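> Listed here are the chains, written in short residue letters.
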Amino acid sequence: MPKLNMVQAINLALHEEMERDESVVLLGEDIGPDEGVFRVTAGLWKKFGARRVLDTPLAESGIVGAAIGMALGGLRPVAEIQFSGFSMLALPQLEGNASRYRSRTQGRHSVPMVVRMPYGGGVRALEHHSESKEAIFGHIPGLRVVIPSTPRNARALLLAAIRDPDPVVFMEPKHSYRAFKEEVPEEPEVMPLGKAHVALEGEDLTLVVWGALLRPALAAAQAVRDARGARVEVLDLLSINPLDGEAIAASVKKTGRCVVAQEAARHLGLGSEVIARINDEALMYLEAPVGRLTHFDVVTPYFGRELSYMPNAARIEEAVLETLDF
Amino acid sequence: MPKLNMVQAINLALHEEMERDESVVLLGEDIGPDEGVFRVTAGLWKKFGARRVLDTPLAESGIVGAAIGMALGGLRPVAEIQFSGFSMLALPQLEGNASRYRSRTQGRHSVPMVVRMPYGGGVRALEHHSESKEAIFGHIPGLRVVIPSTPRNARALLLAAIRDPDPVVFMEPKHSYRAFKEEVPEEPEVMPLGKAHVALEGEDLTLVVWGALLRPALAAAQAVRDARGARVEVLDLLSINPLDGEAIAASVKKTGRCVVAQEAARHLGLGSEVIARINDEALMYLEAPVGRLTHFDVVTPYFGRELSYMPNAARIEEAVLETLDF
Amino acid sequence: MPTTELGTFSVSSMQILDEEGRLDESLEPELTDEQRLGLYRGMLLAREVDQRMLKLQRQGRLGTFAPSTGQEASSCGAALAMRESDWFVPSFREFPGALMRGAPIEATLLYHNGYEEGNVFDGSPRTLPVAVIVGSQLLHAVGLGHAMKQKGEDSAVVTFFGDGATSQGDFHEALNFASVWQAPVVFFCQNNQWAISLPRDKQTRSRTLAQKAIAYEMPGVQVDGNDALAVYRATKEALDRARSGGGPTLIEAVTYRLMMHTTADDPTKYRTEEEVQAWWRKDPLVRYRRYLESRGLWDGGRQEALEAEIRAEVEAAVKRFEERKDFKIDEPFDHVFGARDQGIEAQRRAFLDRIEAEASRA
Amino acid sequence: MPTTELGTFSVSSMQILDEEGRLDESLEPELTDEQRLGLYRGMLLAREVDQRMLKLQRQGRLGTFAPSTGQEASSCGAALAMRESDWFVPSFREFPGALMRGAPIEATLLYHNGYEEGNVFDGSPRTLPVAVIVGSQLLHAVGLGHAMKQKGEDSAVVTFFGDGATSQGDFHEALNFASVWQAPVVFFCQNNQWAISLPRDKQTRSRTLAQKAIAYEMPGVQVDGNDALAVYRATKEALDRARSGGGPTLIEAVTYRLMMHTTADDPTKYRTEEEVQAWWRKDPLVRYRRYLESRGLWDGGRQEALEAEIRAEVEAAVKRFEERKDFKIDEPFDHVFGARDQGIEAQRRAFLDRIEAEASRA
Ligand SMILES: Cc1ncc(C[n+]2csc(CCOP(=O)(O)OP(=O)(O)O)c2C)c(N)n1
Ligand SMILES: Cc1ncc(C[n+]2csc(CCOP(=O)(O)OP(=O)(O)O)c2C)c(N)n1
Ligand SMILES: [Mg+2]
Ligand SMILES: [Mg+2]
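Residue numbers (this note's numbering), protein chains in the order written: chain A, 1 to 326; chain B, 1 to 326; chain C, 1 to 362; chain D, 1 to 362.
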């Protein structure tokens with residue numbers, strides 16, 4: 001099994017699926033000769049040509065709106081939004097049309113498409129290049145939202161997303177793009193959408209994370225283990241909509257304690273929904289309030305200050321210890 | 001004190017503020033001679049002329065983007081989005097610019113503007129005319145989100161919103177537009193933004209609502225009182241961002257039980273945040289899980305089916321009884 | 001400012017049947033008599049459906065809807081120029097054309113009574129449902145056009161929208177993408193002079209809407225939108241060009257919204273009765289009927305017979321619509337995702353339990 | 001298709017100083033020698049800042065930035081035509097003009113090192129900061145223009161954007177609003193031939209970007225963007241027209257991005273070295289220096305002196321920038337809302353407690 005970083009793994013999935021399925025086409029800004037600003041589409045334009053790898057004009061509503069039409073017309077478009085900070089421009093088409101076509105036509109039409117976008121902070125980027133807006137996309141019924149966390153699941157989830165009959169927003173934690181490598185199976189691997197993954201088993205506390213925070217969460221779990229002997233279960237959500245509420249409840253019923261960590265602003269973030277699911281299904285198992293480690297409800301600061309504001313392994317460890325000690 | 005419905009009360013606030021402050025201008029679709037599709041701007045174009053009441057071309061990003069410029073240039077624009085279903089088109093400007101100008105320039109520039117929009121279901125309207133997207137706007141730091149619930153607070157909150165130095169999304173529960181009248185003080189009344197209101201005091205359960213659900217909530221509280229003698233406290237949030245977490249916690253600490261009801265989809269809705277705030281501040285006071293009455297995570301059905309899916313007084317009553325009986 | 005001229009552009013207009021029904025024979029399109037008559041039937045049927053719906057709405061038997069009276073020539077003329085395999089991508093005032101393509105009359109009744117069932121046109125799978133978000137459908141048309149090209153189909157796309165829609169960002173992005181991709185798309189603008197209460201000249205300062213095509217180096221043409229023959233001809237030419245790789249076209253059909261914006265609107269607030277009356281004199285049906293008469297295809301007897309036939313057809317559709325009761329209450333849960341999801345299914349069960357409990361209490 | 005012509009439109013281009021520095025005297029704008037020299041200084045300073053930033057960035061002393069080398073004539077020529085009371089509404093590659101208007105050199109260093117402090121231009125309150133979301137600032141310009149008109153100020157607005165930005169919906173909505181409102185706005189398009197890796201001819205199929213003005217019945221003009229005099233003249237004319245109630249103008253400045261898109265970009269992936277070299281031969285600074293020389297305003301000695309002066313000025317700014325340490329860590333909490341909010345303040349306390357605890361542990 002080759003060891004790949006996340007960029008390579010996503011690139012692999014695109015290669016595989018474009019080879020397997022003639023109807024898969026890519027579109028976006030600078031994904032052709034330039035191979036994407038993060039090189040995620042490396043080699044694809046050369047291999048599949050400008051007919052299937054379309055460099056578009058600079059217009060995000062155009063990209064996603066046209067992709068909807070392509071999907072209605074029998075293609076399987078995979079659109080790239082260069083940075084998720086520009087994805088709000090595509091939201092009207094996602095919320096107003098992509099997510100609704102199936103329901104609007106009672107299943108007569110559907111929009112099988114993927115909208116990929118790098119998201120998240122910690123890469124010293126300019127304004128609008130560090131946001132985490134998964135809660136906004138996640139609130140839209142009919143729109144799947146997926147966030148991989150490792151090279152292997154990025155490849156397997158992207159394959160699933162492209163094959164899925166519905167629109168999928170595929171948010172790629174750019175901080176993890178080249179941060180580490182992982183073995184990825186030779187043969188195409190497809191993971192089911194909508195399922196969380198227990199990244200580390202434990203009995204004492206459930207640590208819920210997604211995307212780039214998986215790695216610091218695992219580090220924090222190890223640190224807590226080393227310091228206290230406590231065993232933290234790390235639950236990697238992978239799917240933001242639908243959310244795997246059963247997995248959250250099952251873990252919390254076992255551990256009785258929970259911490260959720262997110263890069264996004266606190267108010268109305270996904271962490272709140274995780275707490276609400278625990279309230280719905282497992283409240284009486286809780287031995288302490290759910291710990292919430294989040295960004296703050298401030299406008300995302302420029303990168304000079306950003307690290308002070310973001311969760312990291314030490315801060316997750318702190319939050320875990322606090323909840324353990326409650 | 002005259003008795004006004006909500007449309008009249010909002011119209012009154014617009015009249016008052018345009019008279020008081022030369023820099024207040026209105027812009028939007030069909031707000032001039034047509035006086036708004038709900039007649040909220042009745043009389044204003046006639047009185048203040050086309051210089052201050054601008055019928056714009058059909059473009060929501062244009063309306064809100066231009067309003068940002070007006071605000072930077074010293075005006076106080078009050079923009080109308082005809083239905084909140086079309087407000088996603090204005091989101092890029094709200095999220096990307098309006099909410100950030102203050103922080104971007106460390107307070108050197110700010111964007112004092114209001115974006116009014118009717119929202120919510122139950123009025124037998126076409127697709128996109130019945131949505132409740134407050135959770136999306138509420139997740140954006142730097143953007144105030146206000147939802148009045150009665151004629152009197154609509155007028156007082158709108159005056160506050162126009163005078164506020166920051167952008168305010170002012171979501172008007174259109175189901176309540178003409179549903180009832182209330183006495184409104186002769187003199188302009190201004191309510192502080194960011195505060196919830198105890199609409200009914202009680203000791204046995206806290207019922208958290210906002211917008212059009214206030215009335216069914218009060219009816220449900222009365223029904224519960226009649227049936228059981230239990231006293232439900234009804235907390236009307238009024239401000240979605242910032243959220244008055246203290247008021248929620250204070251009430252739940254007193255009652256030990258809570259139900260939250262929302263018109264919006266369940267997943268990642270404001271109800272989840274209310275639960276998260278209780279988790280943060282008052283979990284150990286809870287005698288039962290917080291009851292959540294929400295829309296479902298389905299694409300908003302057309303109006304033929306919508307009433308089956310929406311909360312109403314009877315359903316709120318059911319949810320309250322269930323939580324009381326837990 | 002003395003300068004070098006870089007290029008000049010022009011925009012032109014076409015009329016074949018004037019207001020009195022006089023024909024410019026040099027431009028008359030080649031149509032079979034069956035097509036000629038079918039076009040008239042389509043327009044008359046649409047008019048009747050509109051009038052019937054208005055009554056139903058006033059009687060509280062139907063929700064809000066947007067009448068198309070006055071725009072039948074534009075809608076039906078364009079639809080006639082299309083093949084079944086072409087995609088019809090409408091806005092919300094294009095039922096005349098949809099009817100021509102085989103959408104059942106009940107569909108619009110169901111739709112306007114709040115049922116997604118009204119978006120199901122099983123006999124015409126390439127007729128898309130109403131797009132409410134103004135301008136958003138133009139981009140779908142571009143993607144569809146590109147897909148047709150990509151798949152080697154010689155199908156094209158016609159998308160319809162109003163004068164107001166030309167102000168939306170999506171209009172601009174769609175025309176630009178279509179032009180860059182040379183997608184087989186006809187952008188058909190129903191310039192009916194009003195966007196609710198905003199008159200055309202306050203929507204944009206350009207003399208014509210057709211000239212907006214210049215921004216994309218795209219052919220742009222204005223036609224008399226109350227002249228079904230001119231509409232047909234312009235659309236046909238644009239479709240032929242699109243099919244043969246010539247790329248997209250913008251057509252501005254100059255017409256008029258004779259009725260209110262929707263049944264919730266009161267146009268007396270913003271326009272004069274004289275203006276409306278002047279446009280009634282350009283009624284596309286009257287003009288086209290004269291054309292049929294002049295070709296010996298029509299007379300009073302046939303008119304009466306057709307009217308009776310259409311009335312019966314509409315009446316039968318209304319009856320089917322009003323008798324229809326098989327609305328599965330939990331249908332929305334079926335169409336969140338194509339694959340079953342356990343969370344959605346749990347919500348469905350909770351929903352159905354509640355519905356049942358409420359029914360048993362009632 | 002035989003038809004009636006409705007109107008014709010044309011687009012023209014202007015050059016005053018050609019690539020060899022030859023002057024078209026009939027078009028030479030009236031400027032004082034101080035202005036002529038100031039313009040050159042502005043361009044040279046911008047070039048030096050760019051080169052210095054590139055070094056800092058390569059040494060890891062600065063974050064990613066977008067060089068403006070090659071576009072100085074467009075940026076500075078336009079800025080020179082503006083009054084202090086006019087609004088300068090830039091995109092992200094317009095620091096040359098901002099410098100001309102008094103933005104301090106440190107500002108761009110601070111900005112590109114991740115500090116909002118770099119958006120504070122206290123000496124030039126009508127110079128707005130960088131807009132990253134392509135095209136979004138055009139609408140702000142329209143609102144500002146309208147506000148100036150409404151308040152009876154005779155200030156106008158110049159907003160800058162790239163060729164890529166013309167594809168955004170906001171471009172379209174902004175030009176349409178500005179035209180309908182006849183707002184005093186100059187839309188200044190820096191057509192530098194590339195939007196990252198997308199060449200101008202794949203951005204849009206129109207022969208010129210200037211012709212996009214026709215869609216709004218707005219004057220549209222192309223100028224040689226490497227000719228500071230032509231840029232000045234075109235902008236001045238547009239501003240004069242705007243101020244006198246003549247409404248907005250679209251200017252397309254034809255120029256070239258001589259460097260990478262940003263320091264994170266590798267242009268060898270998508271364009272040839274020959275193309276770049278051909279444009280270096282049109283360097284706006286060289287051309288303008290010849291003009292000054294021909295007017296007897298410049299020589300080698302003055303050039304050396306100015307270069308030394310500018311180098312020192314830039315060096316001093318870099319020093320101030322690198323010595324600056326007064327970044328209030330909780331500043332973001334100050335600027336969420338203008339009014340204090342208890343929830344935000346509670347978060348600030350939690351934040352500061354954590355920072356303190358972390359510092360004490362370290
Ligand atoms: C994006 C958006 N904004 C606002 C509306 C509300 N609205 C519905 S129709 C309409 C006017 C449309 O005018 P036009 O495009 O000329 O079409 P017409 O109604 O004349 O057929 C408006 C403003 C909408 N549906 N979508
Ligand atoms: C809405 C949006 N989409 C994408 C980007 C990423 N991006 C930054 S600059 C750029 C190209 C801009 O091209 P152009 O408008 O020609 O300006 P130039 O860079 O040439 O100055 C892109 C795609 C962005 N900043 N904003
Ligand atoms: Mg119209
Ligand atoms: Mg460019």
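Because the hints were derived from the structure by calculation, they are not lab data. As the structure is a prediction and not an experimental result, all values here were calculated from the model. Heads up, a few of these hints could be off.
Label pairs and their computed distance ranges (CB to CB) [as the list claims (entries may be wrong)]:
1) G7/D to G246/C: 46 to 54 angstroms
2) G338/C to K181/A: 29 to 37 angstroms
3) Q51/D to R178/A: 24 to 32 angstroms
Where chain A lies over chain C, by a calculated footprint (3+ residues, C-beta under 8 angstroms) [unchecked claim]:
4) 75-87
5) 276-288
Ideal Cβ positions, reconstructed from N, Cα and C, are used throughout, including at glycine.
> Would you mind marking each hint as holding or not holding in the structure?
Evaluation of the provided hints:
no. : hint                                 : result
1   : G7/D to G246/C: 46 to 54 angstroms   : violated, 23 angstroms
2   : G338/C to K181/A: 29 to 37 angstroms : holds, 34 angstroms
3   : Q51/D to R178/A: 24 to 32 angstroms  : holds, 29 angstroms
4   : 75-87                                : violated (count 1)
5   : 276-288                              : violated (count 0)
Hints 1, 4, 5 from the earlier list are contradicted by this structure; the remaining hints agree with it.
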